[in-house]
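Chemist: The lines below spell out each chain.
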Amino acid sequence: DAGVTQSPTHLIKTRGQQVTLRCSPKSGHDTVSWYQQALGQGPQFIFQYYEEEERQRGNFPDRFSGHQFPNYSSELNVNALLLGDSALYLCASSYGYGYTFGSGTRLTVV
Amino acid sequence: GQQLNQSPQSMFIQEGEDVSMNCTSSSIFNTWLWYKQDPGEGPVLLIALYKAGELTSNGRLTAQFGITRKDSFLNISASIPSDVGIYFCAGRWDNYGQNFVFGPGTRLSVLP
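Residue numbers (our numbering), protein chains in the order written: chain X, 1 to 110; chain Y, 1 to 112.
For the record, the hints were derived by calculation from the structure and aren't laboratory data. One thing to keep in mind: the hints can contain errors.
[Claimed, not checked] Between beta-carbon pairs, the in silico distance windows are:
{"hint": "1", "chain 1": "Y", "residue 1": "E15", "chain 2": "X", "residue 2": "P70", "range": "45 to 55 Å"}
{"hint": "2", "chain 1": "Y", "residue 1": "S77", "chain 2": "X", "residue 2": "A80", "range": "42 to 52 Å"}
{"hint": "3", "chain 1": "Y", "residue 1": "Y50", "chain 2": "X", "residue 2": "L83", "range": "37 to 47 Å"}
In this text the structure is predicted, and so the values were computed from the model without any measurement. Cβ atoms here follow ideal geometry from the backbone N, Cα and C, with glycine treated the same way.
Work out the full structure: start from the sequences and follow the hints.
Modeler: Set out below in structure tokens:
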């Protein structure tokens with residue numbers, strides 16, 4: 001049974017560009033949350049999707065947007081990339097109390 | 001916003017020693033989770049706590065939900081080299097949705 005799958009694993013983008021990260025949740029999970037983890041820090045909550053709607057949002061600007069599809073997979077979009085957006089982006093899926101993380105996408109903005 | 005503090009920030013121990021770390025918050029949480037993260041990987045759930053005072057074990061790991069609901073503790077007994085990594089606590093204060101706030105982590109190094 002596959003866990004949470006994220007793609008791509010690594011990405012290098014130029015400042016000002018846009019990026020899309022993808023997440024396939026664990027089988028049976030219907031809720032997807034996205035976290036940003038800067039180097040040496042704990043994950044910071046970006047937003048959560050349930051039933052294709054954004055249910056909760058952390059303290060992140062509107063440049064960060066997302067989407068959830070009918071099959072529960074999700075995308076995270078970041079526009080107008082800044083150098084400070086360089087981080088590991090983690091997707092976590094859940095159903096009830098279960099909360100499973102993917103291995104993340106390492107985004108580097110140059 | 002909500003913030004968690006973890007201590008110690010880092011620790012070096014000898015293989016076989018016991019380890020204790022804790023997580024504190026200025027706010028009450030309803031759920032505590034403890035995760036371990038290896039380099040280049042996402043966090044892996046170790047233990048989940050849902051009730052104040054609860055003590056839960058997972059092999060050599062034991063975690064407790066503080067009675068004040070503002071802290072949690074993780075103990076590792078008889079440490080082994082594969083215990084090396086960063087340990088994060090995460091807390092949730094609402095029961096709607098699954099939004100957790102994470103601490104900054106405790107980095108554990110085990111010397112052979």
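Chemist: So, for every hint listed, does it hold in this structure?
Modeler: Verification of the supplied hints:
no.	hint	in the structure
1	Y/E15 / X/P70: 45 to 55 Å	holds (50 Å)
2	Y/S77 / X/A80: 42 to 52 Å	holds (49 Å)
3	Y/Y50 / X/L83: 37 to 47 Å	holds (40 Å)
This entry satisfies every hint, going by the numbered hints stated previously.
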